[in-house]
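Trainee: Those sequence lines, one after another, are chains A and B. Going by UniProt numbering, the first residue of the first sequence is number 1, and it counts up by one from there. Going by UniProt numbering, the first residue of the second sequence is number 1, and it counts up by one from there.
The reader is advised that the hints may include incorrect statements.
[Stated by the list, open to error] Distance condition first, Cα-Cα at most 25 Å in a straight line; then the derived PhoX-like pairs of lysine-lysine:
1) Lys-155/B to Lys-155/A
2) Lys-128/A to Lys-112/A
3) Lys-128/A to Lys-128/B
4) Lys-112/B to Lys-128/B
5) Lys-112/B to Lys-128/A
6) Lys-128/B to Lys-112/A
7) Lys-112/A to Lys-155/B
Derived from the structure by calculation, the hints contain no laboratory data.
Protein chains: 2
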Amino acid sequence: MRMNQGVEWSVHVLLSLAWLDDDEPVSTASLAASYELPVAYLNKQLQALVRAGLLRSLPGARGGFVLARRPEDITLMDVVAAIEGREFAFQCTEIRQHGMGQEAPQSAFRRKCAVDSAMQHAELQWRKALAAKTIADIRAEADSHAPSAARLARKAYGRA
Amino acid sequence: MRMNQGVEWSVHVLLSLAWLDDDEPVSTASLAASYELPVAYLNKQLQALVRAGLLRSLPGARGGFVLARRPEDITLMDVVAAIEGREFAFQCTEIRQHGMGQEAPQSAFRRKCAVDSAMQHAELQWRKALAAKTIADIRAEADSHAPSAARLARKAYGRA
DNA sequence: GAAGAATTACTCGGATAGCCGGTGTCCGAGTCACCTGGG
DNA sequence: CCCAGGTGACTCGGACACCGGCTATCCGAGTAATTCTTC
Numbered sequence: 001m002r003m004n005q006g007v008e009w010s011v012h013v014l015l016s017l018a019w020l021d022d023d024e025p026v027s028t029a030s031l032a033a034s035y036e037l038p039v040a041y042l043n044k045q046l047q048a049l050v051r052a053g054l055l056r057s058l059p060g061a062r063g064g065f066v067l068a069r070r071p072e073d074i075t076l077m078d079v080v081a082a083i084e085g086r087e088f089a090f091q092c093t094e095i096r097q098h099g100m101g102q103e104a105p106q107s108a109f110r111r112k113c114a115v116d117s118a119m120q121h122a123e124l125q126w127r128k129a130l131a132a133k134t135i136a137d138i139r140a141e142a143d144s145h146a147p148s149a150a151r152l153a154r155k156a157y158g159r160a
Numbered sequence: 001m002r003m004n005q006g007v008e009w010s011v012h013v014l015l016s017l018a019w020l021d022d023d024e025p026v027s028t029a030s031l032a033a034s035y036e037l038p039v040a041y042l043n044k045q046l047q048a049l050v051r052a053g054l055l056r057s058l059p060g061a062r063g064g065f066v067l068a069r070r071p072e073d074i075t076l077m078d079v080v081a082a083i084e085g086r087e088f089a090f091q092c093t094e095i096r097q098h099g100m101g102q103e104a105p106q107s108a109f110r111r112k113c114a115v116d117s118a119m120q121h122a123e124l125q126w127r128k129a130l131a132a133k134t135i136a137d138i139r140a141e142a143d144s145h146a147p148s149a150a151r152l153a154r155k156a157y158g159r160a
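Model the full structure from these sequences, guided by the hints.
Mentor: Dropping the structure here:
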């Protein structure tokens, strides 16, 4: 159960765009170069972020991607949902109703499967923590430990 | 990022074995039949549970699997770790150090990557919830809502 | 010199292969239970 | 009737194919900037 590589890339890209305080777009090529990532595949991930409403894409020459919301309004949960989807990792297939379960009265299945409930509860704790962390939070943490990051980002994307 | 099907199967199997209060082994064929699962593949998952120390296998005729610990001492975290492994879903590849990161001073990377920290914190919340739930807990919940489950399990595995 | 249209170059976007891990299956080694024969 | 040996059948365990999704790539549609021509 490994998470998609695209999640890590996406968070770092959003972080980079947050460091630029302007609204000028940044091309996929620039973003890929700044992290040494495959250009075309990164583009695919960015498209997912656009579909999820986290980024806005500007076509044409001098086009690229811009943040669609403020960094304070983008949570890690949003990013994970954009790349991995909104479905739960644990998918209950109701095997309790198969085999010997067929002999049980239907009333036994009125309540949700206890296994599914426990798994879902745990996963909700995970999502809760993800939803509590925003891109702005991470930017603040990184700034306090490595103040040069913002300057490097602006330089890498051709900002004066 | 979908969790292995084997996790659901394993929890239900452990639950079934918990309902039998004796130490007589149950064969893979019986377990598979009671949930309508593919025999050979279920056996593969059970082997993982044996390696993780959750089950004990008894070879030979009239052999099978028995719980290696009390249901109170088997957590959902143990089951997930046995099937999925103990590695974190989010794997930081330190892309912050690639590309433009190479121009940053080494001191900027003394602290752990803020993205990784946030992801790991969230995942720990998830694991914490999994570790807090035992097979005995789930059995108790199921018993309170569907008292016939234990009887059905004993019947399916040839108990008087 | 200014305006407008055609051209150009650059961008995103979706459609197209490759590869790894989960899914599913099979057969062999090993062990216990049972049966048989003898004492 | 009791016991020992051999046989048999059943079990787990690991080795072998199959498939879906993530990974990676390419090329085309579309747009903005640029350039050239004309007034």
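Trainee: With reference to the structure, classify each hint as holding or not holding.
Mentor: Tested hints:
A threshold of 25 Å between alpha carbons decides the hint, and for Lys-155/B with Lys-155/A the separation of about 72 Å lies outside it, so the pair is violated. With a C-alpha separation of about 22 Å, the suggested pair Lys-128/A and Lys-112/A falls inside the 25 Å cut-off, and the hint holds. This hinted pair checks out: Lys-128/A and Lys-128/B have alpha carbons roughly 13 Å apart, not beyond 25 Å. Of the supplied pair hints, the one linking Lys-112/B and Lys-128/B holds, its CA atoms being roughly 22 Å apart against a limit of 25 Å.
The suggested pairing of Lys-112/B with Lys-128/A holds, with an alpha-carbon distance near 22 Å, which does not exceed 25 Å. Under the criterion of a C-alpha separation no larger than 25 Å, the hint pairing Lys-128/B with Lys-112/A is consistent with the structure, at around 22 Å. Restraint check for Lys-112/A and Lys-155/B: satisfied, since their Cα atoms lie roughly 23 Å apart, inside the 25 Å limit.
Comparing the model with each earlier hint shows a violation of hint 1 alone; every other hint is respected.
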